[in-house]
Amino acid sequence: MIEFLKLTRTYGDFTAVQPLSLTVQRGEVFGFLGPNGAGKTTTIRMMMGILVPSGGQALISGLDCHTQRAEVQRHVGYLPDNPIYYDFLRGREILQFVAEMHGMERAEAGRQALRMLGEFGLDDVVDEFAVNYSMGMKKKLGLACALIHDPEVLILDEPINGLDPRAARDVQERLKLAAASGKTIFMSTHLLDMAEKVCTRIGIIHHGGLVATGTLAELRQRVEQNASLEQVFLTVTEEAAAQAPNP
Amino acid sequence: MTRSGAAPLLISTWLLVRLRLRRLANQLMAGSQRGKKTAGKARTGNAGKRSSKVILYLGGLMMLVGFGTIAASAISNLHHALDAPDTFWVTVEFSTALTVGVTFLVLFLWTSSLLLTVASGELAKPDWDLEWLITLPIRSDTLLWARILERSVVNPSGAVALISVCTIIAWFSGYRWTAAIVGVVAAWPLLLLAALVRTLLDTGLRLTLQPGQLRNLHAIISVLSIVAMYLAISMGLAGKSDFMLGVAATMPDWLVYTPMGLTVRAINERSFADAALWMVALLAQVGVIVWSGVQLLRHQLRHGVIAGSARESARNLRSAATKARAATGVSRLGSLFSAVQLRELTLLSRDRSFLVQSLVIPLLIVGGQVLLGTSGVATSMWKDPNVLASVAFGLAAYSLSMSAFQTLNTEGHALWLLYTFPHSIEAVLKDKAKLWGVITLAYPTIMFAVGAVVAPELDWKFLGAVLTAFLGIPIYAFIAVALGIFGSNPLEQHQHHKVKPEYVYLYMMLSGLYVYAIVTPYPAQRLIFMVLSLLLAFALWQKARDQLPYLLDPDASPPARVSTSDGLIATMLFFVAQGISAAVIIGRGRVTGATLLVAFSIGGAISYALMRYVYARAKTEGVPRILSAGPNRPVLGIAGGLAAAAFGLTYLFVIGSAGLLDDVSGDSRSFLSLGLWAIPLAVIAAPVFEEFIFRGLIFGGLRRSFGVWPATLASAAVFAILHPALAILPVFAMGVCAALVYERTHSLLAPMLVHAVYNACIVGVPMLYV
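Chain order of the listed sequences is A and B. Taking numbering that gives the first Met the number 0, I'd label the letters of the first sequence as residues 0 to 246. Taking numbering that gives the first Met the number 0, I'd label the letters of the second sequence as residues 0 to 769.
Read the hints as simulated data drawn from the structure, not as lab findings. Heads up, the beta-carbon is just placed ideally off N, CA and C, and yes, glycines get one too. Careful: at least some of the hints might be erroneous.
Said to hold, decoys possible - Using C-beta positions, here's what the derived DEER-type ranges look like:
hint : chain 1 : residue 1 : chain 2 : residue 2 : range
1    : A       : 55        : B       : 24        : 47 to 55 Å
2    : A       : 164       : B       : 703       : 15 to 23 Å
3    : B       : 703       : A       : 56        : 43 to 51 Å
4    : A       : 175       : B       : 421       : 41 to 49 Å
5    : A       : 56        : B       : 59        : 17 to 25 Å
6    : B       : 133       : A       : 69        : 44 to 52 Å
7    : A       : 2         : B       : 152       : 40 to 48 Å
Said to hold, decoys possible - With a straight-line cut-off of 25 Å between C-alpha atoms, the simulated SDA-like cross-links for lysine to any residue are:
hint : chain 1 : residue 1 : chain 2 : residue 2
8    : A       : 196       : A       : 25
9    : B       : 429       : A       : 13
10   : B       : 618       : A       : 14
11   : A       : 175       : A       : 0
12   : B       : 433       : B       : 525
13   : A       : 5         : B       : 555
14   : B       : 618       : A       : 105
15   : A       : 5         : B       : 512
16   : B       : 433       : B       : 553
17   : B       : 239       : B       : 453
18   : B       : 497       : A       : 223
19   : B       : 433       : A       : 41
20   : B       : 497       : A       : 41
21   : B       : 429       : A       : 69
22   : B       : 618       : B       : 453
23   : B       : 618       : A       : 54
24   : A       : 5         : B       : 765
25   : B       : 429       : B       : 368
Said to hold, decoys possible - A short, non-exhaustive set of chain B residues, derived as facing chain A with CB atoms under 10 Å:
hint : residue
26   : 250
27   : 251
28   : 252
29   : 332
30   : 333
31   : 334
32   : 410
33   : 420
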């Protein structure tokens, strides 16, 4: 479903993502773990065609994310780490706009938008300007935008970062529902308990390089029996730091 | 524990001033970082895409000089209007009437620069730095004083307006080279007052008004500031100053005792003791005012610094919205527009400052230019359809620079949303270009409707001018959007950094070139210009499309390469520069071979030099070279030239047998009448400049996206339509030969030889026979 072929990105002399090769199967919930600045957001932005790869390819459903971006977006829903919306537009209007851009009729898009916002518990604020939303509301609106065209793949950048416990729980429940309905989910996070609860497979990225992949059980084996994901994460990133030539 | 007294005040003022200046310096430095390798820390952020701010420095200096000139003529106008006709202008002591008049001038400049600062400054921004400053361990009234002092020093538009007028008053009062120093010293108390009023407005309005009201107020102030600035400028213009001089004459004498009056008195007084006395009175007055102002500020802040939310709540509008939705769901008018266009219109209707910026300010600025301009455009506009069409087009083009040019900036930080849709970004931008192309047609429509009513007669000239302007506007909507892709920084926080000035100037220059198409008396030139503009729109659009995948990329951008649009811009520039220099050189004299050669060479050299400069700045790849590293193959060039000439001469012969030779030989005879000057023109100047543009830039640019033959034929066609009707076919053949030779050699020498040999034969052979 998702495939990276030696995907690389540099900023000047700085290598943000080292040649990265990885395959995520249909129906997987893949957690992309790593400390701040490890290259998670850069990778995700390349999947969305927002950044141009310095080398290699990212493929979704066999389509190149850079050269066939518009095609790819039919299959993909995206939530950025900090969703910013148009000023002076209401939550309802933004969602309706997004639905229309995905090819829905205007009236149908309006009805669908209201229904989605209701499902996400945003009934009270459908007519408030979206820039006045709290972070939790913005993320929920973003998730609604990502789901409104019923995509096969969800790409989520730090979906519950900065949310209060209740909002975080709501979003996690939504993601579990989406996974249960057969969607492929690729999400970055540095929140380990979230990864533990939701993901079926995990990849750890450090200094732009993928240092470990596997199911939670496989990763635990690498360190010791019954190790927590936190121990795994700390061990793996430490090893990588020791090996890295110039951290 | 905070200390009291002067020390913390000075220290905190100094800190604030340094902070503000450091910010300014950082912003300017960021521009000059370009191209430098930063060792060590490798991640360079945004520096790769910035541009230099040289234009800003130059602009500041020009403003200072410009304001000084206007102030000088304003004072002399005031003297003529207010003093008795027989009094001699002795430049020492102002009469009471003149003092009042000059005080009025200073008051007016003070007010308009204050409005300008408020309009461009903090009011529009949702965040408020006082919220942060108040958390520093400084007593709040020290902080307020420091803020006012800091703003009295760092206030560019106030400084430009007031220092220049004070310097001019000092000059007229008999100071000579010290006038500038006197000007700076005397302007400072007024700048302090401006800083106080600005801080009071800023703080008071934020505490009392809703964000929505604040934005509306900001829109009104920005309109007022432009009107005030124009009125101030009108005082210094001959023939336009009557209104303001009339107002100045009604000013009461007590104006002399205002801070502005005391400033004028202090500068004008020649005895040092008296001047000092006035200065003391001024400082005392300003001191009292500022002290009371700070007390008022403390009163304003008695409940603490409370700022509203970023945006007014939309919920109070909810009932109406719900009703509307329940009624129809979708309005009928709305279904005319695509989703993107509907969203743009919604933003326009809700964001007053966007509305004012894009549609009202252009009207004021162009209107002001027309009313205050010395060329009498305002009166001739309704008589001459060409002038009317130029003004109408100019207005629409200006409005496009504030709207269509800004398409990326109106997306701003929400630009990411466009990348999540299954549409190309290009399609979205096209939607927007169409929308703005239609909206801005409103101005010319209204103006032509009025023009049609007042016009002396509705003839072909009127229709031609109207049509040219009407067709130009949608073309320039696309050009504006395409250039806006390069000229905007949608992710910048600060309004002033969202636009790169050089691209705005390029857009303005290109729209200026189109005005040439409107005013030219030759229909053929008009047609050529319209075709060129259309081609330019396509070419720029193509170039902008290269850029689209990189819009949100902080670092990478597509490599700068030679493109067709460069060649088209160079062509238009060549045309206009040649036309203007010919007009200047010839004046009323006769066209001779020498003047033609010189005008042609100047036009060619200007466009060549400008293109090379831009390429060097942008480190462009693939700039055409006269000599390449490989074999330059001059023989190939000469052979190509002979082939083209053979075709050309055969063509002449065929035309001749068909009985059309009279025309041709007439043409060539008029060319030959230029004498020996025709030879360097045909054999050196034309090949050198034209090959650079048509083969180097246009063919080279086309070749990037097309095969050899399409690129060859298209470039030869553009080249051919610029020639007289009978010459089109042979010139086209020559263009094909030159392009093919350039394709083989990758240096300009060979195609230049093709061109030179061809021209030599075509000019020389008839010379031998005729």
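Original post:
For which of the previously enumerated hints does the structure constitute a violation, in increasing order of number?
Top reply: 1, 2, 3, 4, 5, 7, 9, 14, 15, 16, 18, 19, 22, 24, 25, 26, 27, 28 and 29
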